[in-house]
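Chains as they are written, first to last, in numbering that gives the first Met the number 0: chain A, 0 to 268; chain B, 0 to 111; chain C, 0 to 168.
Just so you know, these hints were derived from the structure itself, not from any lab. The beta carbon of each residue, even a glycine, is placed where N, CA and C say it ideally should be. No incorrect hints appear here.
Quick partial rundown of chain B residues pointing at chain A, CB under 7 Å, derived from the structure:
(1) I55
(2) D56
(3) G57
(4) R79
(5) D82
Here are a few chain C residues that sit away from chain A, every Cβ distance over 12 Å (derived from the structure):
(6) R20
(7) E57
(8) D62
(9) D106
(10) E109
(11) T110
(12) S132
(13) A144
(14) P147
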Amino acid sequence: MTNRSERQSFLGEDSDTILSALRVAIVGLGGGGSQVVQQLAHIGIGHFLIMDHDRIEESNLNRLVGGTAADVRRSEWKATIATRVIRRVNPRSKIIVERTRWQENAELLRSCDIIFGCIDSFSGRAELETVARRYLIPYIDIGMDVHEQGTRFSISGQVALSMPGYACLKCMNIIRPELLAEEARKYGASGGKPQVVWPNGVLASLAVGVMMQLVTPWHDAHKPVYLLEYDGNVPEVRPASSTGFLTGIDCPHFSRPGDLGDPWYGRSQ
Amino acid sequence: MTLSDEALAELCTVCPGAVPMDEGGITYIYLPSLKLPTGRSPSEVQGLLRPQAAGIDGYSTRLYLSAQFPERGKNWTQHRILDKSWYTFSFNNVPATLRPIEILANHLRELR
Amino acid sequence: MKTHLRITREMLVNVRIDLARPHAFAHERVGFITCKFGSIDPSGVVILAQSYYPVADEDYIRDPRYGALIGSDAFRKAFQVAYNNNIGLFHIHMHPHQGVPRPSRIDLLETARFVPDFFNVRPALLHGALVLSRDSLSGRVWTSAHMPPKPITHITIVGAPIETLGYRR
Chain A
0 MTNRSERQSF
10 LGEDSDTILS
20 ALRVAIVGLG
30 GGGSQVVQQL
40 AHIGIGHFLI
50 MDHDRIEESN
60 LNRLVGGTAA
70 DVRRSEWKAT
80 IATRVIRRVN
90 PRSKIIVERT
100 RWQENAELLR
110 SCDIIFGCID
120 SFSGRAELET
130 VARRYLIPYI
140 DIGMDVHEQG
150 TRFSISGQVA
160 LSMPGYACLK
170 CMNIIRPELL
180 AEEARKYGAS
190 GGKPQVVWPN
200 GVLASLAVGV
210 MMQLVTPWHD
220 AHKPVYLLEY
230 DGNVPEVRPA
240 SSTGFLTGID
250 CPHFSRPGDL
260 GDPWYGRSQ
Chain B
0 MTLSDEALAE
10 LCTVCPGAVP
20 MDEGGITYIY
30 LPSLKLPTGR
40 SPSEVQGLLR
50 PQAAGIDGYS
60 TRLYLSAQFP
70 ERGKNWTQHR
80 ILDKSWYTFS
90 FNNVPATLRP
100 IEILANHLRE
110 LR
Chain C
0 MKTHLRITRE
10 MLVNVRIDLA
20 RPHAFAHERV
30 GFITCKFGSI
40 DPSGVVILAQ
50 SYYPVADEDY
60 IRDPRYGALI
70 GSDAFRKAFQ
80 VAYNNNIGLF
90 HIHMHPHQGV
100 PRPSRIDLLE
110 TARFVPDFFN
120 VRPALLHGAL
130 VLSRDSLSGR
140 VWTSAHMPPK
150 PITHITIVGA
160 PIETLGYRR
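Bound-form chain A, shown alone (with noise of 0.2 Å):
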């Protein structure tokens, strides 16, 4: 075990090697995004895909760990400030980085061990799930609101584990068909809305302990828990209510045989 991880020897003596040989997706470089980012490199990921289509603007530097004032005068790529952030902490991680819309070369997700869905769209993160569930990925989605009422705000979110034959996002009810629908009346446009860094902090931090509790597990008796809520006024966490009912239940969204795999595999198109 290296110096650099003797802090995190409780994970197990082979923790070293199994972080280092993880691959993990980040998809969106954003307030969470770049928050799992930093985390991510300081407990020795070895191999990153970070996937992201934007530059930073200054709207952002209220939340986006890693990025400076700097970076906004030369409209700096967000992939590039999180490459940045990485190589700071561990210089030999390996990282590919797209600039692209994630839609465009998403075949580079097949290879991740973790995909960490950190978009703000619910048509993205529903489409990005089903990436991950075709290649038996598990995905773990964030998502944080702050909604009015009234004169006072509530902040709120949530970190789902979406596992192969487990509760999807549907099944969890955080991808409805209403809220499809009035994305799409919007054109998929769902920037704008209100954010904050700290509690994508604190959603950011339990979806890396997620990923750590199934990759270095430290306890015998850990279940994984599929949904953690977040108030972010009282402030609290805690399991789903549904928690119950979403550890027994067969996911019927993705299973049908045409949904594993690449469906154009082997296919003269």
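Using the hints provided, position chains B and C relative to the given structure of chain A.
Frame of chain A, contents of chains B and C only:
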């Protein structure tokens, strides 16, 4: 959704090789060589016709293409369906009760 | 060519339970796993375990020379599954020890005989053979009927926890 042999054969007259493909319980019709209205470049693309509502975007039917044409059609968005990248434009209310070939024609008309 | 098998922990548990069931005369049981695929860069393939098909009790042949011998009906049923679906077929059986399982001499001879036949049904896909031990898994994949198989380079058991057999760099 079950696509009748007649409906598929009819589609194949304008797009040879058309074949239904399913994802997440939604049936799409893959159109391997879709000729576009004249003046578009490229003039031939791959297409994906969704001849049903599907509950994913509030559209009664939808046509996705392998390329986008910003100068025609409105509000293009990009999607990942059947593990390929597709573009679509905002054009709603082409009823799913039409024959698939009519649904396709209605959507293509928007690209003239 | 890099080959990466992903199989859910739930499926693996169910396969182990089935393969451990006693048979009237066969010393061990066998089955088939159907697989889907996807290309991965630069020239690899991810193999995705889809469903498990145990060989029916009546399709075993009594022969004391073999731990398990299955007849043409068993293969016919497997070929039918492959014909009806766009899948690759992987034969699977279990060795009663711990540690990384290696195919026996008979395993090598028999799979070399019947796995190439899978390409008659689905020539454009991959087929192969998997061996379980009490705590591990290994496999070989054929990319064509005429070439010898290669070891599956990497295996991930997807579940809680995620288990990787053979770390890759």
